[in-house]
Amino acid sequence: MLGSGLLQGLAVTAKNFVGSFHDPKRFVTTQYPEEKTRLPEAYRNFPFLVSENAEDPMGTLRCVACQICEKECPPQCIYIEKSKDKKPDASGKQQIYPAVFDIDTAVCMSCQICVEVCPFDAIKMDQVFELAATDRFTGLMLDRHALAKPNSYFHQLHPTEAAEVDDRLATERKAAEEKARAAAAAKAAAAAKPPAVPPPPPAVVPLPPPVPPAA
Amino acid sequence: MSFSDPSPLSAAPGASVRAVHDEFHGDLLEVSMGPHHPSTHGVFRMMVTLDGETVVKLKPVFGYLHRNHEKIGENTSYLGSMPYTDRLDYLCSMTNNWAYALAVEKLAGQAVPERAEYLRVILAELTRLLNHTCLAGFLLQDCGASGTPLMYAFREREKILDLFESLSGSRMMCNYQRFGGCRVDAPAGWLDAARALTDGYGSFLDEYEALLTGNEILMARTQGIGCLSAKLAVSAGVTGPLLRAAGVAYDLRKVDGYGFYPRFDFRVPLGAHGDTYDRYMVRVLEMRESIRILQQALRDIPAGPIMDPKAKLRGFRPKPGEVYSRIEGPKGEIGFHLISEGGPNPYRYRVRPPSLINLTILEDLCLGHSIADAVVILGSIDIVLGEVDR
Amino acid sequence: METPDQIRDRLLSRFPGAAVSLISNPGPAAQHSLLLDAADARAIATFLRDDPGLQLDFCSNVTGVDWPDREIVETTRTSTPDPAGGPAKVVEQKTKRLQPGCLEVVYHLYSVALLHGPVVLRLRTGNRSDQVSLPSLTPVWRACEFQEREVFDLFGVVFEGHPDLRRILMWDGFKDHPMRKDYVEPDDYEWEPTPHGDVLAKAKRHYPTPAPAVVKEEPKP
Amino acid sequence: MSEPAPSSPPTLTDAERAELRRQGILLTSMEELYNWGRSHSVWPLQFGLACCAIEMIAASMARFDIARFGSEVFRPSPRQADLLIVSGTVTKKMTPQVVRLWNQMPEPKYCIAMGACAISGGPFKQGYNVLKGIDRFIPVDIYIPGCPPRPEALLHGLMQLQEKIRGQKISGPGAPRHLQADTTCEYPVPDFGEHDLVPPQNPAVWQPPVIVRKEGA
Amino acid sequence: MSAAATTSESFLERAPLLLRDAVTGFLPEPARWLANSLLSIVAVLAVFGLLFAFLTLAERKILGRVQNRPGPNRTGWFGLLQPFADGIKMLTKEDIVPRAADQLLHFLAPVTLLALSILTFAVIPYGRHLVPVELDSAVLYFFAAGAATELAIFMAGWASHNKYALLAAMRALAQLISYELPLLLSFVPVVLATGTLSTTGIVAAQGGWKWHLIPHWIVFTPWGAAGFAIFMVSALAESNRSPFDLPEAESELIAGHLTEYSGFKYALFFMAEYFGMCALSGMAVTLFLGGWQAPLPVLEFIPSYVWFAGKLLTLLLGFIWIRATLPRLRIDQLTRLAWKFLVPLALVNLGTAAFWSLTSAWSGPLQLLRWAVALVLVAGPFLLLGRGLTAGLGPRTYRYA
Amino acid sequence: MNAVLILIALVTVGTAIAAMAGRNLLHSVLLLALAWTGVAAFYLWAGAEFAAFAQVLVYVGAISMVVLFAVLLTRRSRDEAAPGPAGQSRALSAVMAAAAVAGVLVGAILRSPLAASPGPAPAVTVRQLGAELMGPYAAALLAVGVLLTVALIGAVVLAAGDRTGQPEDNP
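Note that the protein sequences, when read in sequence, are chains W, Z, D, A, L and R.
Quick note: the first sequence uses our numbering, first residue 51, plus one each step.
Quick note: the second sequence uses our numbering, first residue 146, plus one each step.
Quick note: the third sequence uses our numbering, first residue 2, plus one each step.
Quick note: the fourth sequence uses our numbering, first residue 203, plus one each step.
Quick note: the fifth sequence uses our numbering, first residue 460, plus one each step.
Quick note: the sixth sequence uses our numbering, first residue 6, plus one each step.
Calculated directly from the structure, the hints in this document are not laboratory data.
It cannot be assumed that every hint is accurate.
Said to hold, decoys possible - Over the 10 Å line for every Cβ pair with chain A, so calculated as not near, a few chain L residues:
(1) Leu471
(2) Gly530
(3) Ile636
(4) Val650
(5) Ser819
What the hints assert, rightly or not - One-sided excerpt, in silico: chain Z residues whose CB lies under 10 Å from chain A:
(6) Thr221
(7) Leu236
(8) Arg300
As the list claims (entries may be wrong) - Mimicking DMTMM-like on lysine to aspartate or glutamate, the simulated pairs with C-alpha atoms at most 25 Å apart in a straight line are:
(9) W:Lys132 with D:Asp199
(10) A:Lys371 with L:Asp554
(11) Z:Lys204 with Z:Asp509
(12) W:Lys137 with W:Glu105
(13) Z:Lys202 with D:Glu161
(14) W:Lys75 with L:Glu518
(15) D:Lys95 with Z:Glu486
(16) Z:Lys457 with W:Glu222
(17) Z:Lys457 with W:Asp216
(18) D:Lys182 with Z:Asp509
(19) Z:Lys455 with W:Glu222
(20) D:Lys176 with Z:Glu219
(21) Z:Lys455 with W:Asp217
(22) Z:Lys204 with D:Asp165
(23) D:Lys203 with A:Glu354
(24) D:Lys182 with A:Asp398
(25) W:Lys121 with D:Asp183
(26) D:Lys182 with D:Asp70
(27) Z:Lys376 with D:Asp165
(28) W:Lys86 with A:Glu365
(29) W:Lys137 with W:Glu227
(30) W:Lys86 with A:Glu354
(31) W:Lys199 with W:Glu180
(32) Z:Lys204 with A:Asp393
(33) W:Lys75 with Z:Asp344
(34) Z:Lys457 with W:Glu214
(35) A:Lys366 with W:Glu84
(36) A:Lys366 with W:Glu85
(37) Z:Lys304 with W:Glu180
(38) D:Lys95 with D:Asp70
(39) W:Lys143 with W:Glu131
(40) D:Lys205 with W:Glu131
For glycine and all other residues, C-beta sits at the position ideal for the given N, C-alpha and C.
The following block holds chain W by itself, in its conformation from the complex (with noise of 0.2 Å):
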C-alpha cells in the first residue's frame, strides 16, 4: 500500500528519536571539550623525540642525528642537522647529537615510517592532536625542544610498545656492554704486551650546558 513503506522509515526514526534519551547505543556523541574520546593505545599523530630523563631532555635524546628518518619521511617534513662535536647520551657513551631537528607539523602525514626505521628508537609517535594554531610558521613547526618527551611519556601514550622497546634495548646494552668488556680484555690483553703506541689521553667529557627544563 501506498505509504507503509514512509510510515515504516517514520517508525525508524521515531525510534531512534526515543532511544537518544534512554538507550547509549542510539546516543553515541563524546561532548568534545568535556569528555574526550579514550584514544586507542595504537593511535599515533605527530612524532616526538624520546629522551631518557625529564630532566635533562636536550641531554638524554636517543636520537644521534642519522638521518635515516629525514631520507625515509615520504613528505620530507624532518629537518636536521648533525651536531659537529659529541656529547654523552643517557648511558655516557660519546654521541653525535642534532643540534637542530624540526618537524613541520604542517607537512607531516602521520605514516609512522619514521618511527618505522629509526634504529634506535628514538623518535615515536605521540598523540596529541589539539595543535591548532593561529600562526602557520611559529605555531606547527616543532624544534627539538617542543619534540622532546621523556621516555615516561612514552610509556603512559604506548605502554605495551614502550616495554617491548625498554626491553630490547636493556638487551642490547647488555650486549653492548659485554662486547664493550670483551674488547676491553682483549685490549688489556694486548695491552699486557707492551704497547707500540702510547696511550690515549682520558677523555674529557664536557659537561652539558644547562637547559631551562622543557615545558
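For chain W, the structure is supplied; the task is to place chains Z, D, A, L and R on it using the hints.
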C-alpha cells in the same frame, strides 16, 4: 551593500545578462555543476546542458583534485608510497594498501604469512562494509534526505573506524599493510571487538533497510533511473557493484581468487535492471555477504607471524620487471601497474582508478533524465575524487 | 588461456603483414606483453575483442610509460685466436650507443566472458617529440576513453580517432606533459621549513643570502 | 588587506584605553554581544576538497556533533556561510575556484585551513599541480595540522576560532578586517598560466618568512 | 480580538482579554479600536517571532535527537540562546547583491514574502476570544494571502540572476500551481459541512462531544481524515518543506532561490518559511482539529489557547519529524502526485462529504452503513490511485551468481 | 473614504499603465499582479469581501503564475517583432478592441440598476452567491467555463506546436 560576481557558482563568472536572457527564451540552459557543489562528492564538475530540467548533454570535468599521485609515486621509495595509497580512495585505505602491497609482492615475488592474509581479508571486508554504508548514506543525501540516513551510516562507520584505529593507529589513513604482511599484529581483544561488530552489523542493516528500502519515495527516485546495460558496462570497463548491478557476474574475489578468498563461502549478488535501485541494493546485499565472510574469517584466523621474515622495508629494490595486479575494491577493480628498473623507486607507478573509469558511462546514464536524477546517478556510481583525479 | 606466444603466433597468421613481437617480462610476475605496430593496432585489437577463443572484451588498464633517450654501454668481446696457438686473446670493446627514447602506451586486457587475462598490449611511438600519435583504441573499448585522455594529458601522446581528446586532469591552457621524465616543475617554490636536496638548491637560488627575518626563536622552553 | 602583523602588541595604548573609557560600557557590551553572536553562530560552507572533508563530515555527524557549537548549518551557498573550511588538498586547478568562493562569502568571514595539504601542500607538496598552502591567496585564521586531523581537532580549531572572534575589538587598530573601512573583501583570483598559476601567490596576503636556525642547545 | 468574554469563564481563559483591557481600557472608543488592533498585531508578531526562534532551535535539536546526537547545547542554557546568536550574526552580516541581479526585486522578494506570510496570521482563531480579525470569508482570505507567497519566491529566484535560482523559481511556480488546487479542494468539504467560510464559525461548528467522549472535530469523520491528510501533504508542499523542498533542493540546486541571498534577507526568507509552516498548521488545526476546542469535556478547564498551541506544536513536530525522515521527490513526481493523486482524491472526498451531510439524519444500523460507505469512498480511491502512482515500483528480489 | 478610493484607483491604474509601458516582461507581469491586487482592494472597499479574496486567490495566486509560466516558456525572444499587422493597422485593431470592451462595460453599467445614493452595501453571504451562480446565472457560468476550457486547450496546442518533432514525455 557590496556587489560581487553575477553568477557565483558557475565556473565562468560574468555570464552576461544577455546570455541568460537567451537561455530564458532559447532552448537549452547550460549549468556548470561543481567543482563546488553539494552533491558532486568533492571537487568534481559536470557541465550539464539542460532542456528544462532534462539533461541533454553532460560532460564531466576532472582534475580539481589531481595531486600528482603517480608522479610522487615515481619519486618515492616503494615503502614511501604506501601511505600515499591511503589517500587515493580515502574511504577505503585498507583495500588500497592491499592492492599496492599485492602488486609489490607480485613484482618482487614475496610470500605473505597466513595470519596476515586472514587479517587482510578481514580488513578488506570491513572496508567494504564501511564504504557501502557511507555510500548508502550519501546516496540518500543526494536524494534529498536531510542527513538522517547519512548520520546512521556514519554512526556505524565510526565503529569500524575505531577498529581500524586501534589496529593501525589512524582512523582513515591506516598505512597498515606492508610488502610481505602487515605492520603490527592485532592487539589483544581486537578480534573479539571485530566479532562483536560483525555480529551486530546485520541488525543495523535491517534497521537501515526498514528506513529506506521500502520507502516509496526512494523507489520512485531510483527505480528505472540510469539503466546500464551489461554490454556497455563491460565495454566501458565498469567494475565493482556497478557491473554486477548490470547483471554481469564478475567479482575478482571469485575470478582471480586472490588472497584467501577461495577459502570462504560467499555469494555474489547480481542486479537485473542495472538502474540506480539495483546499484543500491546490490551494495546492501554485498554487505550481507561481507558479514558472512567476516564471520568465517574471524572464526578461522590462525595464530602466527604477520610478516614475512625475509621482507625488507628500507632499501627495498625489486628486480627489474613489470606487474599489473588488481583486487576487488569496494568501488571496483583497483589495480597497480608497476615497472621496476631495479632502483629504490618504481620506474613507473600507475594506479588503475575504478572511480574514474566507472565515470565513463555517466553521460550515458544521465541523458534524458532530470538534473535531480543526474545527481542521484552520480551518487550511485560511487566516486571518490582522490581516486578519480589521483 | 593461450600464452602470449600462442596469441602472437595466431595474430601473425591472421595478420600476415603485421609486426607483432613478444616482450618478455623478467620479473616474477612474468606478465609478458605483445608489442604492436601502430598501423594495424586497431585491427588487431578488434580481433582480440571479437575472437571467440579470446573474447578480450574488457580493457582494464591503459597507461603511458616514458622511456627517455638513454645511453647504453655495450661491451663486446672479441676473442681472436692466438695464431701462436696459445690462449685466445680476448679484447673487450665498449661501445656507447644512444637508444632513442619513445613513449609507450600499455593496455591490460581481460575477458569477462571467459574469465582470463591479462593480455598486455604495448604501442610505441617513434620518438618523444611533442606531437607523436598512436591509434586510439577507444572505438574498440569504451574504457580507454578517459585513460587515453589521461595519457594524452600527462604524456603527450595524441590518439588518432579518439572521440574527445582534450586535457583531462590539467587545465586546458597548460602546455607541459608532467608525467614525462624530463618534465621540469614550475618554480613556484617560495619557502619551505624543512628543505632537502633539490628543494634546498631551489631555496638557495631564491634566497642567495639568508633573509633578515627571523621567525623561529630558539630555544623555546 | 593582510591580517595585522602578528608581532603588533595586543596591549592598548593609553590613548586607546582612554578613548574606550570615554565610549564607556555601552561599546564594550555591544562589542561583547556582537562577538558573542558571531562566535556562537559560525556556519561553515559545505565545501569539501579531499580526505579532510570526510573528517569534516564526520565532525558534523552524531559521534562528534559540531551542532553543539551551533555550527552544523553547513550552507551550500557561499552567500550564507561564515566559515570556509579548506579541507584537503588545494590543487592549482582548484585554486581560482576557492578564491572565488572566498570572495563570494559576505563579511565577517573566517577561514580554517584544515589538514596538512591545505596549510602547506602537505605530503603532496612535491606535486606539480598542488598549491603549497591556501594562505598564499586568502588569509587563514586557524591552521589545524594533521593528515587528516581528527574530528575533535577540527572542533578544537573551531573553539580556537571562537576564542579569536571573542577577542576581537570592533574599533581601533586591532579591529578585524571587515570593520576596517579601507580594506576590501575582494581578493584577486589567479589565472591559469601555461605552466603554473599566474601569479603563483598573492604577495599582499602572503610573504614567505625565513627561518634562521640557531645551532646549539 | 472581539467577542466579550462572559464572566462565567475561568480567569485564565479571560486573561488575554483582561490584559488587553488593562492596557487600552482607558482610551476613548475609536482610539481604543486602533490600539486594540495594534496590540493584536504586536502580540501575534511577538508570539510567532519567538515561536520562530525556538522552532528553529527545536528543529535542530529534534533533528539531532533523531540522528543520535544532542544538537546545539552550548550557547546558553541547553543551547536556548542559539537562535539569538544566529539572529545577531545574521543582522550584522554583510548584505551582498549580485551585480547582475534585479536590484529592486532582489530586495522586494523577501519583504513581500514575509509580509504575506504575516498577513495569514490575521484570521486564525488562537483561542475562544483570540482572533485578530474576524472576517466572513476568512478562510478564503487566508488562502488568498498564502497563494501569493510563491510569487515572492519566484521573484527571489528570478531576480538573483543565477541559473540555480532560476531553476528553483520555475520549480516554485510548478509546485504552487500543482498544490494550490488540492489544498483548496481539501478544505471545501469542511466549508460544505459547516456552511461557513469564517474561521470562528468553523471552530464553533466543531464544538461538543458525542457521548461526552468523541469530539465533533472534522478529522474524526472519514472524509475529514482524508481531507486532513490531503491538506497536510499539500501544506508540506506549499511551505516548501521536505519532502517537497524542491525550490531549495540542496543536493541539486545549491540553495535554490536563496542561493544569492545573504545576511538579513536570507533570515527573512527563513523566517517566512517558518511563519508559513506555522500559519498552515494553524489553519489545519482550525479546519480539521477543532481549533481551540478541548478534546474531552473534563479538560475544558485548560484555557482554549493552550489547546490551540498544543495542537499547533504537535503538527509542527510532525513537520520536523517528516523532514528528518524522508528523501525528496523529483519535480515531475511532485506534480504527478498532485494531479494524479491528490486532486482526484480531493474531488472524491468532496463527494464523500456531500454524501455524509446528506445522510446526517441516518441513525441506528443505517449509521453503520453510512460509515461503511464513507470509508469505502475514502479508502477505495486511495488504494486505486496509489496503485496507479506506484505502478512499476516495488521491492525486488535478487539472484546470486 | 474617498481618499482611500482614489488611492486605490491611482495604484491600480498606475501599475496597469506601468505594466503596459514596461520593457521588462517579468516586471510587467509582477506589476499586473499588483494591479489585480488593486482591483481586489477596490472590491474590499466596496464591501465585497468574497469577491476581493477570490480575486487575489485566482488572479494573483494562480493567473499570474500562469502568465509567468507563459512568459518563461515562450520560445520566441521578446526582441523579435511580434508577427502581425504593423504600425497603423496595429493601433487600429487595438483601439477597436478597447472600444468594444468599453462598450460592453458601459452598457453593463448603464443597464444595471444603481441606487441613487450608495447606501450600506447589502451583506451578501457566500451562500447567496452560490445560489445565484447556480440559479439565474448558471448558463453564464457554464459559458465562461467552456470558454476557459477552450482557451486552455488552445494554449496547450500552441505550446505543444512549438516543439515539433520532440516527443513530450515529461508531465
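Do the hints match the structure? See the list:
1. Leu471: 36 Å, holds
2. Gly530: Label violated. Min Cβ-Cβ 5 Å, cutoff 10 Å.
3. Ile636: Non-interface label stands for Ile636 (chain L): nearest chain A Cβ at 26 Å, farther than 10 Å.
4. Val650: 41 Å, holds
5. Ser819: 51 Å, holds
6. Thr221: Holds. Min distance 9 Å.
7. Leu236: 7 Å, holds
8. Arg300: 5 Å, holds
9. W:Lys132 with D:Asp199: The hint holds at about 19 Å.
10. A:Lys371 with L:Asp554: 21 Å, holds
11. Z:Lys204 with Z:Asp509: Holds: Lys204 (chain Z) and Asp509 (chain Z) sit about 10 Å apart, inside 25 Å.
12. W:Lys137 with W:Glu105: 16 Å, holds
13. Z:Lys202 with D:Glu161: Satisfied, since the Cα-Cα distance of roughly 24 Å is no more than 25 Å.
14. W:Lys75 with L:Glu518: 22 Å, holds
15. D:Lys95 with Z:Glu486: Status holds; Cα separation ~22 Å.
16. Z:Lys457 with W:Glu222: Measuring from Cα to Cα gives roughly 21 Å; hence the hint holds.
17. Z:Lys457 with W:Asp216: 24 Å, holds
18. D:Lys182 with Z:Asp509: 36 Å, violated
19. Z:Lys455 with W:Glu222: 22 Å, holds
20. D:Lys176 with Z:Glu219: 21 Å, holds
21. Z:Lys455 with W:Asp217: 24 Å, holds
22. Z:Lys204 with D:Asp165: 10 Å, holds
23. D:Lys203 with A:Glu354: With Cα atoms ~37 Å apart, Lys203 (chain D) and Glu354 (chain A) exceed 25 Å; violated.
24. D:Lys182 with A:Asp398: 18 Å, holds
25. W:Lys121 with D:Asp183: The hint holds at about 23 Å.
26. D:Lys182 with D:Asp70: The hint holds at about 10 Å.
27. Z:Lys376 with D:Asp165: 21 Å, holds
28. W:Lys86 with A:Glu365: Holds, at roughly 20 Å.
29. W:Lys137 with W:Glu227: 19 Å, holds
30. W:Lys86 with A:Glu354: 9 Å, holds
31. W:Lys199 with W:Glu180: Distance ~17 Å between Lys199 (chain W) and Glu180 (chain W) Cα, so the pair holds.
32. Z:Lys204 with A:Asp393: 23 Å, holds
33. W:Lys75 with Z:Asp344: 15 Å, holds
34. Z:Lys457 with W:Glu214: 21 Å, holds
35. A:Lys366 with W:Glu84: Holds, at about 20 Å.
36. A:Lys366 with W:Glu85: 23 Å, holds
37. Z:Lys304 with W:Glu180: 22 Å, holds
38. D:Lys95 with D:Asp70: OK: Lys95 (chain D) and Asp70 (chain D) at ~19 Å, within 25 Å.
39. W:Lys143 with W:Glu131: OK: Lys143 (chain W) and Glu131 (chain W) at ~20 Å, within 25 Å.
40. D:Lys205 with W:Glu131: 17 Å, holds
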